[in-house]
Amino acid sequence: MSLSGTSSSAELPPPVPARRWSRTRLAGALLLGLWALFGIGIVLFLVRAWNPDLFWRYAPNYLSGLWITVKLVVISIVVGALLSVPVALGRRSKHKAIATLAYAYVYFFRGTPLLAQTFLVYYGLGSFRPELQAVGLWGFFREAWYCAIFAFSLNTSAYQAEILRGAFESVGRGQWEAAAALGLSRWQTVYKIILPQAALVALRPYGNEVILMLKASAIVAIITVYDLMGETRRAYSRTFDFQTYIWAALIYLGIVEALRMTIDRIERRLTRHLRR
Amino acid sequence: MDGILTLLSFGPQGWGDQIAAGVVVTVSLALATLPLGLAMGFLVALGKRSDDALMRLAANIYTTIFRGLPELLTLFLVFYGAQIAVQQLMRFAGAESGIEINAFVAGMVALGVVFSSYASEVFLSAFRAIPDGQYEGAYAIGLSRWRTMRLVILPQLVRLALPGLSNLWLILLKDTALVSVIGLSDILRQAGIAARVTKEAFLFFGVACLLYLVLAMLSSIVFAAIERRVSAGGVMR
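Listed in order, the protein sequences are those of chains A and B.
Numbering-wise, the first sequence is residues 1 to 276 according to the UniProt record's numbering.
Numbering-wise, the second sequence is residues 1 to 237 according to the UniProt record's numbering.
A few of these clues could be false.
Stated by the list, open to error - Reference excerpt, derived from the structure (chain A facing chain B, CB under 10 Å, subset only):
id, residue
1, Leu31
2, Val78
3, Phe108
4, Leu114
5, Leu115
6, Phe119
7, Gly124
8, Gly126
9, Val210
10, Ser217
11, Thr232
12, Tyr236
13, Arg238
14, Leu253
Source of the hints: derived by calculation from the structure; they are not laboratory data.
Note that CB positions come from ideal geometry on N, CA and C, so glycine has one too.
Please put together the full structure from these sequences, using the hints given.
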């Protein structure tokens, strides 16, 4: 053992074994090999199970299911975004009653399963059929599709309200004061000073919320909406062919990954002035 | 009002017993999933911060898959996939008995892998918050890698990861509702049965929602207590 060369290694984190095929390396290669086997297994399974009749019979269904899923997510996110503004404002309200109400709203929708909320709307509101018929809303709540949009919008509005509130609160008070000192109106301050800064903070949580909604949207299949998951279930119940689920998994994975990469790219673009 | 109380009462007229049984199933499923998810999440986090690129890639594939799939789909993949796998194995072995996959175990595995892929991110960021000096100090006084992890890093890691993990626990508690779809008699399924029989859907699904809220509140109290206890010993950074 010589002492030379130890001075530079003193700053290094934990000692790294210099062996080329360390145990970690071996385990990593092994695990990666398992994943590769798994991937090859799935490809082989799909190739062996390939059945043109089945594919052409169900591919249009999958496409229409995918379209329903996309529509459901987009509508819910947009309606939820609109609803989230008053909720977020309510959370920050000085009136105790309004603040408590908004908090209860957020707590309820974030504290209970979306599936239970969907059931509560779809099956539960049926208990009030005479009343709903009296006000002419029964036509709306009779349809599983509208019930799903209703439940999903309320649910995501609670989450989005918290994102909105967090983003606005992340902008320091000094920004408001400086804008006021410059003589900007309240609206100008919000629009030109606060919003651009809050948007940067909110972007990632918003993106995650879209991804979570997309994944959660699969549960509408249970209340007989034929989204991507619903079509998959239908195809499986008719064919008992497991590849139906594999296809759905691949589609969902593809969309989620594409969304994640898009969000990453947008974030990198918007924060390019912050990078050193 | 009296009718509602009767419906919710315990005993032959009410649905109290059934729903209470559902609460037990929900809680035990979540509690059974937790150690599985924590252990796997910790291992995956170790893989992600490994100095070996292959290991990191293998761990990242795991999280990409299980964070990208809808939880419901993961559940179906595990439930039906395992059933098919068992059937194939049995046919291979020459046996001709239909083995049913336990819905509880399928739910545990599916929720466990989802939980672990999110937990690995929580552990990873907790790991990053622990300075290298902690490792160096431990090695300097002659602790082995394993003892460094157990005696020096883990106690700090728990404190750092606790807020994220408590969040994941609440998500897990809500995700257990999905197993009602594969036939496990949890809160939601029992409420659904009661709703169908009594035609009081709003009442029973409302009760189900309230029960989930109560479970969430109880969890918050427990987590606050754990946090107090864990943070009592150390210095805050």
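Going through the hints against the structure:
{"no.": "1", "hint": "Leu31", "in the structure": "holds, 4 Å"}
{"no.": "2", "hint": "Val78", "in the structure": "violated, 21 Å"}
{"no.": "3", "hint": "Phe108", "in the structure": "holds, 7 Å"}
{"no.": "4", "hint": "Leu114", "in the structure": "holds, 8 Å"}
{"no.": "5", "hint": "Leu115", "in the structure": "holds, 5 Å"}
{"no.": "6", "hint": "Phe119", "in the structure": "holds, 5 Å"}
{"no.": "7", "hint": "Gly124", "in the structure": "holds, 4 Å"}
{"no.": "8", "hint": "Gly126", "in the structure": "holds, 6 Å"}
{"no.": "9", "hint": "Val210", "in the structure": "violated, 13 Å"}
{"no.": "10", "hint": "Ser217", "in the structure": "holds, 8 Å"}
{"no.": "11", "hint": "Thr232", "in the structure": "holds, 8 Å"}
{"no.": "12", "hint": "Tyr236", "in the structure": "holds, 7 Å"}
{"no.": "13", "hint": "Arg238", "in the structure": "violated, 14 Å"}
{"no.": "14", "hint": "Leu253", "in the structure": "holds, 4 Å"}
In summary, the numbered hints that this structure violates are 2, 9 and 13.
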